[in-house]
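Visitor: Protein sequence lines, in the order shown, are assigned to chains A, B, C and D. Letter by letter, the first sequence follows residues 1 to 367 of the numbering used here. Letter by letter, the second sequence follows residues 1 to 367 of the numbering used here. Letter by letter, the third sequence follows residues 1 to 367 of the numbering used here. Letter by letter, the fourth sequence follows residues 1 to 367 of the numbering used here.
FYI, nobody ran anything at the bench for these hints, they're computed from the structure. Quick caveat, the model's predicted, so the values are computed rather than measured. Where is the CB? At the ideal position from N, CA and C, for every residue including glycine. Don't take every hint at face value.
A few chain B residues that face chain A, going by a derived Cβ cut-off under 8 Å, partial list only [as the list claims (entries may be wrong)]:
{"no.": "1", "residue": "Tyr169"}
{"no.": "2", "residue": "Gly239"}
{"no.": "3", "residue": "Gln308"}
{"no.": "4", "residue": "Asn352"}
{"no.": "5", "residue": "Asp358"}
Restraint-style ranges between C-beta atoms, simulated for each label pair [to be verified]:
{"no.": "6", "chain 1": "D", "residue 1": "Glu176", "chain 2": "C", "residue 2": "Glu166", "range": "39 to 45 Å"}
{"no.": "7", "chain 1": "C", "residue 1": "Glu166", "chain 2": "D", "residue 2": "Glu188", "range": "34 to 40 Å"}
{"no.": "8", "chain 1": "A", "residue 1": "Glu166", "chain 2": "D", "residue 2": "Ser37", "range": "52 to 58 Å"}
{"no.": "9", "chain 1": "D", "residue 1": "Gly214", "chain 2": "C", "residue 2": "Lys189", "range": "31 to 37 Å"}
{"no.": "10", "chain 1": "A", "residue 1": "Asp213", "chain 2": "B", "residue 2": "Asp268", "range": "52 to 58 Å"}
{"no.": "11", "chain 1": "C", "residue 1": "Ser313", "chain 2": "D", "residue 2": "Arg251", "range": "31 to 37 Å"}
{"no.": "12", "chain 1": "C", "residue 1": "Arg324", "chain 2": "D", "residue 2": "Arg153", "range": "40 to 46 Å"}
Number of protein chains: 4
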Amino acid sequence: MSGSSFGKLFRITTWGESHGPAVGVVIDGCPAGISLSEEDIQVFLDRRRPGQSRYTTRRNESDTVEILSGVFDGKTTGTPISLMVRNQDQRSKDYGNISVSYRPGHADYPFKEKYGFRDYRGGGRSSGRETIGRVAAGAVASRFLNELGISLRAYTKAVGPFTVDESEYDYSQINENSFYMPSNAIAEKAGEYVSTLMAETDSCGGIVECTADGLPTGLGEPVFDKLDALLAQAVMSVGAVKGVEIGDGFRAAGSVGSQNNDPFYMRDGRVCKKTNHSGGTLGGMSDGSRLILRAAIKPTSSIARPQQTVNESGEDIEISIRGRHDPVIVPRAVVVIESMTAVTIADLLLQNAAARIDNLKKIYADK
Amino acid sequence: MSGSSFGKLFRITTWGESHGPAVGVVIDGCPAGISLSEEDIQVFLDRRRPGQSRYTTRRNESDTVEILSGVFDGKTTGTPISLMVRNQDQRSKDYGNISVSYRPGHADYPFKEKYGFRDYRGGGRSSGRETIGRVAAGAVASRFLNELGISLRAYTKAVGPFTVDESEYDYSQINENSFYMPSNAIAEKAGEYVSTLMAETDSCGGIVECTADGLPTGLGEPVFDKLDALLAQAVMSVGAVKGVEIGDGFRAAGSVGSQNNDPFYMRDGRVCKKTNHSGGTLGGMSDGSRLILRAAIKPTSSIARPQQTVNESGEDIEISIRGRHDPVIVPRAVVVIESMTAVTIADLLLQNAAARIDNLKKIYADK
Amino acid sequence: MSGSSFGKLFRITTWGESHGPAVGVVIDGCPAGISLSEEDIQVFLDRRRPGQSRYTTRRNESDTVEILSGVFDGKTTGTPISLMVRNQDQRSKDYGNISVSYRPGHADYPFKEKYGFRDYRGGGRSSGRETIGRVAAGAVASRFLNELGISLRAYTKAVGPFTVDESEYDYSQINENSFYMPSNAIAEKAGEYVSTLMAETDSCGGIVECTADGLPTGLGEPVFDKLDALLAQAVMSVGAVKGVEIGDGFRAAGSVGSQNNDPFYMRDGRVCKKTNHSGGTLGGMSDGSRLILRAAIKPTSSIARPQQTVNESGEDIEISIRGRHDPVIVPRAVVVIESMTAVTIADLLLQNAAARIDNLKKIYADK
Amino acid sequence: MSGSSFGKLFRITTWGESHGPAVGVVIDGCPAGISLSEEDIQVFLDRRRPGQSRYTTRRNESDTVEILSGVFDGKTTGTPISLMVRNQDQRSKDYGNISVSYRPGHADYPFKEKYGFRDYRGGGRSSGRETIGRVAAGAVASRFLNELGISLRAYTKAVGPFTVDESEYDYSQINENSFYMPSNAIAEKAGEYVSTLMAETDSCGGIVECTADGLPTGLGEPVFDKLDALLAQAVMSVGAVKGVEIGDGFRAAGSVGSQNNDPFYMRDGRVCKKTNHSGGTLGGMSDGSRLILRAAIKPTSSIARPQQTVNESGEDIEISIRGRHDPVIVPRAVVVIESMTAVTIADLLLQNAAARIDNLKKIYADK
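Here chain A stands alone, though its shape is the one from the complex:
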């Protein structure tokens, strides 16, 4: 098992290498009867497509998705949904010079040690193109979540040291700047910062935040498959992510119980919380409040400036990574984090359906 599947009931399996013929995903377990078109998926893929701003790689691919199975008369059939995107702009020659060297910050070295050899073309399976399958699956999961009144939102909270404080959020600005930040003002400063780094052939990282509204209470399985635990796996499994937190996260570690506990109260006959330090989960289950998670993304590993490293022959060498690389991957990671969140929630919605005998009696009432 090379670990290319995620989810138990809403289960996605991605495949494909950066410079192979195609990349794709198979989604097994999507409920039948949900309207789905290639356009629904393309919208998501376009959000992660390169070449859209001066801060992203200029590798120019249309990344057009094809639905190969699982949809009939415009609706999901309950059978596996196979989605494929052909790789167009392969230009293998760009990568030839690094075929025998281990790039710092990349998977080259452990990949070679693990499998005995490796597809050195553009990172192979460890390329950012692997996320195409995730995003395509996220689009399908989002269609499903929408049917149940659940909506997600993701954006860039920080680029390098430039952070948007929650009090400054203006969600309407997210799609107005190159970084998908909820503040055009801070995005502008971030842009200047990134431009400087580009001139210095350097790169930076940042923080992505994702929220979900409309979750039923009680989503998530109590012990190992907690909502937050599966989100942590889902998000940490995205290349370049080095940290995940829910709600107050690491800040909670420095807080005290009387402040960190969210008091419950009744409003309009519903149980509500006065604050949301928990980020929407209690005991690993959704608590009725907004789900909030953050992912820390490291600086892009591919930088043009010379770096010390070794080659496969065991020699100390210097390497300069040429080619097309994002100085900051964060804006393109936004839709990836959102997609993994959507997939995780979709899976737990299906699992939770079987939690109670009265749920099952509703379903099998008129068998």
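Once you've looked at the hints, dock chains B, C and D against the given chain A.
Guide: Showing chains B, C and D alone in chain A's frame:
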């Protein structure tokens, strides 16, 4: 599936409620031929046992483990290892008054919403006693890891605002203070802080750090089952954990590529790294350096001071949680985090064994 | 993974060896809110208990089950249900003489080759006592199925060459004879046959048939997790089972399409079938008719008469297996086959709940 | 989860409908370093391709496979292998008349009940074309098995009532007749029989047998994931299979222990068996002898003669299924059964690699 299993090949399934007859774990897939005794497991359980310092609950249970299967002639047989700890000190009456109220910070409300009713005695399945199965499994995993020359170390990095900087670490002091901190001096200050909180009927959180040495390079499966991704699930699935990071973690988000990349170099014929910002993983696989992870733990939710909340009848009420509660759960969480790390590594060691045809030819050479 | 778990959502994990301290099962994923008592389970266990007729081993154990978790106020809580039966009558000395020999028909030889050593006491993990966990889980599954109006029936169709033809079935006689046959007359002949074999220190096999009524149509997942495919695994995984068939089974291989196809027709507004050659499945899904499966059970391998074999030192030897052994295991296998059928159906009922978006809308309507 | 995945470590996920754009499979977990070409896979696909004899459907598709990922420099890389076959000859109009009727013997009715609607074109997901993914995966698994010295053979044992007795087997004749029978003489009689049925617009079934040589002893996991149990699932999951047996199978049910037990003896320093009634498994693990399994295949459900059935409006109707249908599916099922056997063995070979600590020490010796 109520999510009580973790791992694909080295698979653990925990069971049991705080005030039921017993708690336990079944470990399926532990390789045959590893020496294992109840004493090996008891040593781990004693590290999480309450009543050991003035900063932990005085619930006094011996938590004696019984091996029910899977061991013969002092060695694992390859069949499931069933481990059980009887609950002794149940005193249900302590918890009676909260049977119809939702404690802030606890799982009570989502549990009730999910299942329709709940075992209100001591948190039921969401109690900290659920971790006994994890720790017992961690002890078994650690025996296995030791056979392959892998060793783990976990300790408290921070209690509330009192943090031990890496430059101050003295590992020899970890077992010399009540908090398992690698600095007696800072542990002393933390102790004064916690004493003050206890007087104020309040609580605090902290940060646990865990490292692993001796991992083979290439451990972890490239996409969803990355070493760091599964560790994130494993650690985030521990109650009260709100954040997980690997290596520089959230600090990496503010760094630049030329600093965050760890240069490779050769030493004594082996590939080494000059720095370890990555925390021992590249592309989700172990990179030959020390594995480093941190978990952010929220303040104990159970506090004696009055809190606002609601009851099951939908009334706003005030609640005071009496009984025995840790003012800070961090020191007892240390062995839990270490155990989950051990179990995750054990599972990936088994998965990785099948990665290459030449590995399999070694095993099946003399069939 | 030593393969001790079965099911995806209603997931059972059995553990225990014949002569270890105990045997048991953990059931993870049983829906909350089902009434369940130890008595419900004991009734099933008593059906497989030895020492009940002259045709079964006289190993005398009460096999009393203990519920260790997952039940509160007499109902399942949705958390794992841990069930344990202590081994009482261990008498290890009976088995000492076979500790270094490979018994023909038993798992001794492959077990040793697989794991490097083996628990030779009473077959260890490969003992018939391993089925206690299956039967306990089957009792729980049956409670669940009953809530949805599904009922199972299992019985002995054949003992050696003595077969009850379907036209002769009298279900009311099943519990009136030692073999659980739906014909006292044929059971009597079977009894004489088995008595003769006992005198000759020989053994025989037979066929168990199991049916299920009240299944909703469409149960089973279309490709690999077909209802009949999972039943085949479930039933073939019972020790001594060498064949499984659904409906006409092997007879269908010799039939023609115009006879084997079951015509549909309408009755009282429901789709019905005029015949049931399919045994209740079409395309791997339940088709609204009675589910019918059969398991072929080989003769008991343990026989007292001398047999040729080899020992662990690689010497040709003769062995006589003394001790308490059933001359025919079939009657005790009846409840095991029924239990595995119940567990399989329970799992697929949970999986099927998530098949359609309108099912999920019913459940999440009032979130 | 619509059940489209099989295997735990060597895990295959098939997708695709009869009249969608394509069908395919993703194989996750194939070890790295195995040489693999499209030609290796095409050879297998050609064995199941229609239009090869007068007894198979004349739907004429080349079924050309494309490797989309997981292979580099002619060798498997350890990452998922994605294989696709485009559907060419779709001619949907042939199937239009059955879009609102339930064909007897087909999945139409339960499919509609399960999902609320269905892809009625050529059976959709329940079409025989679903097996293309299985066979492509089987080709890959076989390449892997060959590397370890394991070889499989499958053939038709019976067509309707015409059975080849084991004493008459001539393996060299398997590829010399249209039915893949190990006897040209009996194949000739079967051919006459099938011709008669075709004239009568009827169909028949038969029995496929598959063997495996060269298995290491101890393959298979002791309880639920026994070698024979997983083979039973794998084979029963093939459409039209109604029964599975191992070794003597149902015949064993009528035998006695003294005959059915296979005596062990030593030959050239190896443990051997004098007979092989067990069909190569003991306690669910391979026992060093030839693995033997049989699958009972029902008569083709699609027959041109008028049949009674109902339509989706709940009316009794008569249906005649026109179009291209095999009068007997058995010869084309041979490679499908062999493929599922190969995939099952491949998976258990990987699982078994982690069974013993000394296996793992061999692999991690020079980490």
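Visitor: What hint numbers does the structure not satisfy?
Guide: Hints 1, 9 are the ones this structure does not satisfy, whereas the remaining hints hold.
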